[in-house]
Amino acid sequence: MSEFVLDFEKPLFELESRIREMKEYSENENVEIADEITRLQQKAKKLRAEIYSKLTRWQRLQLARHPQRPYTRDYIERMIDGFFEMHGDRAFGDDPAMIAGFGRLGDKKVAIVGHQKGRTTKQKLHRNFGMPHPEGYRKALRAMRLAAKFKRPIICLVDTPGAFPGIGAEERGQAEAIARNLFEMSRLPVPIIIIIIGEGASGGALGIGVGDRVLMMENTWYSVISPEGCAAILWRDSTKAEEAAEAMKLTVDDLLELGVVDSCIKEPTGGAHQKYDAAAQILKETILAELVELEKLPPEDLIEARVEKYAKMGFFNE
Amino acid sequence: MDWFKRAKEGLQPQKKKEMPELWLKCNACGEIIYKKELEKNFFVCTKCNFHFRMKSSEYIANLLDDNQFDEFNSNLTSVDFLKFKASKRYSDQIKTAIKKTGQNDAIRTGFGKIHGHEIVVCIMDFSFIGGSMGSVVGEKIARAVDEAIKRHLPLMIISASGGARMMEGAISLMQLAKTSSRLAKLSEAGLPYISLITDPTTGGVTASYAMLGDINIAEPGALIGFAGPRVIKQTIGQDLPDGFQRSDFQLHHGFLDAVVSRHDMKNKLKEVLDFTMDVQIAAEDLNGELMPETMPELAELPLPDSDNLADEAVNN
Ligand SMILES: [Zn+2]
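For the record, the sequence lines run as chains X and E.
Take the first sequence: its letter number 213 is residue 213 in this note's numbering, and every next letter is one higher.
Position in the second sequence (first residue = 1) + 318 = this note's numbering.
The shape of chain E in the complex, shown without the other chains (with noise of 0.2 Å):
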């Protein structure tokens, strides 16, 4: 199926490849967009505010001060553990995935300061099969809890997943455990956890780390959910209402503490690492760049010295 689909595209006239490369159409407007412009203002479309989908190297561009991403453990890959194979090999998908994303799994963990504050983050990739939780993404995210304790650092986690590797069988789902375990023993320590939710996020990993942060907040507009859409309607034989499972509807029902917009995402965070952490921030740190140059919005807030930056920066 791979090796068929790369083949046509390779057939495919060159003028029809450029065009996706620079332009990018809205999901929610239909608005045309110019690629840069958009990569200018955070991947949010600057008619209705659509979120796009990100990588993790533009969360952590727009996240970490100085776009700088100490990571570690990349080097872990999955295993093919059970042989498993459905319509394709579970082997396959791997090594496709691989070379589709230049990453080895559906999250990357590492060190980073959000305006001076060091942090463990993990950051999921849906790209990689659908950011699905098998073996490594639990092994990355509970070295990531241990590396927290031991360094005594806040840990965020950016999740975006369909939820558990079905291609693990029950082993992906004991990630779930093991992932919620760790994170316990985080809370025992003393150390914030925040849990930044994108869309979409469902399944496991809903029902695992992306619901049990100290802090919940999803960006506008993500899905985020138990059980996939298509699975409730398929079971109660009716259709959805509006916005079900969207990130409003779960700040309505009680599940985040805030949804908040690309824009001012990293101020929020500071809300929250300035509460729960007791770090005296160093002086070089604070003359660093409150947000990436590509925020032109922002460009005259206040440095992140003001006590009433955050409060400035709320725009919704």
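Just chain X, with the same shape it has in the complex (with noise of 0.2 Å):
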């Protein structure tokens, strides 16, 4: 069970720990109040449905950052037999925000590539926050390539909050190296399942999230751009962030219906973070279902069926 606890969480939480006193107290002093604690667990069970049904979009986002949220390495831990963990861009560098390999999923061997964050202060600043530099494109490119020739499938776990802005990015080309991730991945003879599993923001995002299938988990957002960048830029008062995600648009209910997303991975109630065991269970079979409807398609037609879902993706009169 997560300690650390999001504003609209509190009154759930306290009302947690309540019930686990007064269970205590009962036992302790071998009183009788089991009517008591009945009545409140029910109510908790209400109230922990009402608060995770209806969350604002900030706060969807704020459950997409939680610190316990589960991240790429949790769920390959869980999810992927035997996997063998490739480094490097064969040019400069591993880069540790960008998690490269393959193994077993199921019955399918696969390729899985992933942004990682890191937990604690020191993995934190080792996996850079999840952003990317122009390695981690290319190496995340190299497994992906690696796929296609022996002829494996590839998952995608997006989970960034963009690719990192900084002058070696640039002298090494963070630009062209999320480009030709997205040439790429257009053309790659394999199913591609990308699946958004915490942050998806920017460019730094879709560089490893062009694919056959675009899953996103319940609690997570995606977009052009983040919340506080928008209001940056857009109102010119980072602190408009939470109007920013309002605006933008960023949940798996709005991408379903913008036809950005295919569809939504249900997450045990109060996020991935309460349960890693089950939420990585629902993602494995998730994926095992999406590959066997994909993998029925012959290459040729995979490929033009991918071109043709991002042709369709744009609104405009004429």
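Hint data in this document are derived by calculation from the structure and do not stem from the laboratory.
Quick reminder that beta carbons are idealized off the backbone N, C-alpha and C, glycines included.
Careful, some of the hints might be misleading.
[Unchecked claim] Counterexamples of contact, computed for chain X against chain E with all Cβ distances above 12 Å:
id, residue
1, E16
2, I19
3, K23
4, E36
5, Q41
6, L47
7, I51
8, E77
9, D81
10, F83
11, K109
12, L291
[To be verified] Computed list of lysine-lysine pairs in PhoX-like fashion (alpha-carbon distance at most 20 Å, straight line):
id, chain 1, residue 1, chain 2, residue 2
13, X, K10, X, K45
14, E, K403, X, K240
15, X, K266, X, K54
16, X, K149, X, K109
17, X, K10, X, K46
18, X, K108, X, K296
19, E, K406, X, K240
20, E, K401, X, K240
21, X, K296, X, K149
Make the complex out of the two chains shown on their own, each in a separate frame, by following the hints.
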């Protein structure tokens, strides 16, 4: 159970701790208050359902950024057997903000790439807060080309506040690395499944985000820029992030409606951070089901459909 | 805000408006240049070679034979499908930009010829909401690629953009994938794509089609990058080195094939088209103008049937 409590979760956590206290009291003092406990438990259940069923966009974003939220490695550990991690882009270096490798997902051999965030301060710095440099995108592309060469499907787990904006990143071609991935991914002759598992910000997310299926977990966000970045530019005030989040329409419900994503992956109530194993199990089953469908298509049809999928995205008058 | 600005402009005395129409100040050296003079020189400062930003119509005049541009899909316009409102409403921004620029969005697409080579050309206008890429830019590029494939023609995109159009949310981000996947299709069809990058080109446009040319060419001094300099400065908390993210920086780091002055651009493009395309150029095209008449320095250049034309044209 998570110890980090978001503002909107407070009433629920307070109620739950009261129930715990009452249980302890009733056991220690041998007082019969079972009725009262049952009543409170029902109240908590109702409150939980109520809170998590009507989250605002900003609250979902907070869950997506929850410090205990499972990251790429947490899912790999639970979903993939015999994971072989690849390192390096063969040109400059290895980027710890991007994981790439392969292993078995159930009975399927798959390549898997994903942004990686850190949990402790030390890990956060090591993983650069999940913000890759160009070598991260190039390492991911190596893994994806390897998969294409051996006709294995590709799974991409997206979780980044953006590609890193720094001097070295620009010197080594952050833009080119992302552009190259979009270009190459659009024509890889194997199924590609994209899952937004946390944050999906900008080209940094899309750099491993072009595929045949784009799925979003329930408590995630995906957009062209972070709400903070959007607020800083369009409102000239980064404290307007909450407004920007509402305006940009960045939740799974929004993006289903806009046709940007194909489906929503349910999370355990309260968010994936409440139950890692359950969240990973749902994710695994979803991917396997999608793969069954995608593997029916010959490579040419797969590529054609993929290009067509993106061709349809856009709203304009003519 | 907008009506206020316009009302204020209306109150200003006539003579103050006259000056910027005839004279322009160079952003780089401060030289005051007669606008007609500047136009004749491809909007390049006669003193320091600074390249002023140009409109799409000026690229057409400078690069396409006989100033001929057979435009298509010009009727596509943007829609405020998110009902987006920040400090301004997106719907108002669209209207204002159309009025201000006389164009329907940040890109124009069409057919033209470069030294007789038929080509599909897409030209961005930075003056239209910062040259931002939304659904219209994505769709027009996608259709331009389709035209190029259908008619077996080369493609050139002249980029000038602040990046994806945030007011279209995730849909604007998807235009990166839409354009890049279409360019991959063009590449597979065996057709060349020239990316001509101008000042400024950043964000989602750099992270998609601007960096994907078979040949990437930039104008001198253009700001080209993924993240904007202000964001980088804020993130790392230190000043950026001189020339950071400018054309020469990108050339030095391996992301451009050439940095080409506007005086030489058309001939440089011809070299790429000559190498990549097998088409016979019609005789009447060879007799056409080498360069627009506004280019006195190049008047004594040989006609384009000369093999060494390009070498002679390069002066930097
Ligand atoms: Zn000057």
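Q: Check each numbered hint against the structure and report the violated ones by number, ascending.
A: none
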